[in-house]
Each structure stands twice: as C-alpha cells, then as structure tokens.
Amino acid sequence: MSDLPDQQDLPDIDPDADINEPRLWRSVGWTARVIKNDDDEGWAVAMIKEGEAEPALIGPWTMGRDKKNPKPLDTNAFNTLVKTAAEVLRRHEQQLHAQLHKSVIVSTDTAEFEVTLDIVPDEDDPYALLSAFDGAREQLAQVRVMPTFKLTRATAATWIENEFRKPGR
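Residue numbers (the numbering used here): 135 to 303.
To be clear, the hints were calculated from the coordinates, so they are not data collected in a lab. All figures in this text were calculated on a predicted structure; none of them were measured in a lab. Please note that a few of the clues may not be correct.
Here are the in silico distance ranges between beta carbons for each label pair [unchecked claim]:
{"#": "1", "residue 1": "Gln233", "residue 2": "Gly185", "range": "17 to 27 Å"}
{"#": "2", "residue 1": "Glu227", "residue 2": "Gln273", "range": "20 to 30 Å"}
{"#": "3", "residue 1": "Lys202", "residue 2": "Leu230", "range": "37 to 47 Å"}
{"#": "4", "residue 1": "Lys202", "residue 2": "Thr286", "range": "34 to 44 Å"}
Think about it this way: if two alpha-carbon atoms lie no more than 30 Å apart in a straight line, the pair counts; the simulated BS3-like pairs of lysine-lysine are [unchecked claim]:
{"#": "5", "residue 1": "Lys201", "residue 2": "Lys217"}
{"#": "6", "residue 1": "Lys183", "residue 2": "Lys170"}
{"#": "7", "residue 1": "Lys236", "residue 2": "Lys284"}
{"#": "8", "residue 1": "Lys201", "residue 2": "Lys236"}
Just so it is clear, CB atoms sit at the ideal spot from N, CA and C, and this is done for glycine as well.
Could you put the whole structure together from the sequences, leaning on the hints where they help?
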C-alpha cells in the first residue's frame, strides 16, 4: 500500500467540518481516503476512526468507468464503509474482551459459584485476578495469579475446595 492516510495530512480546515471529496470523505467521526494500491494496478480505501493513528479497515476500492482512476466516494459508499469499519472494531473489541475475561460456573454439594479470571496485560507486570462469587454475585474471594493461569471448571473447583487459597503454579 502507498503511504497510509494520516489525520494530520487532512486539509487545513476546521477539524470538525465534514469533507465530501471524490477521494476523501470525513464525517461522523470517520475519514475515508482512497489510496493507490501499490501491490497491483488498483485502488484501496482506508477507514480511520477519529483520534486513531492506524486505519480500522483497508480494503480494495472500485475502479471508475475509465478503468484507470478510482470510483469517487459518495454518501452511500461512505455510510457502508463506516458501518463495516465500526463492525471490524466491535469484533476486535469482543475478541480482546474474550481473551482477557473468562468465567466458569462450578456447582458443589453446598452452593453454586461463578469463578472469573480477568487478565491485566500490563507491559511491565502482567497478572490476572481470580475471583469467586456466590449466587447473589457477592464476591467471596480474589487472588492475584499469573496471567497464564488456565481457568477451567476443574481448576476453579480445586480452588474452591482449597478454600480459595492462592493456586500453585
């Protein structure tokens, strides 16, 4: 790809003003820029969310009727691109959340517990918090564990059986 669009490269106008140009649109917190695709003879479009340095989405863009220049952006295309880019970000956030937050339900002879593992991906000191909750969502215990701790029903049950003492490595 050619140089990716940079929010600082946008024309020197009101940063909140909408832009509706054939290769550059900005509205509703998003910027779409049609760029030359150096990998082939075609064009690409980059979607950047306001305040972000990197595009949320880069995809192929349609050639115009002359088969040389890109098709101009328009309202419908921009709205579709915004919807698609927002969905990409939403799925990314869901995936990250699923990687960092896990939960299992464990039933014992006396009660049912929800055990959660919340990973804190700190660059210098990553860790995880292992927590236990009763049926009323009252926290019963919480310990700090390694971020690599594997939460399963079996490890949660063992933790409960050991009266919530910090699990060994």
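Item to check | Hints violated by the structure (listed by number, smallest first) | outcome: 4, 8
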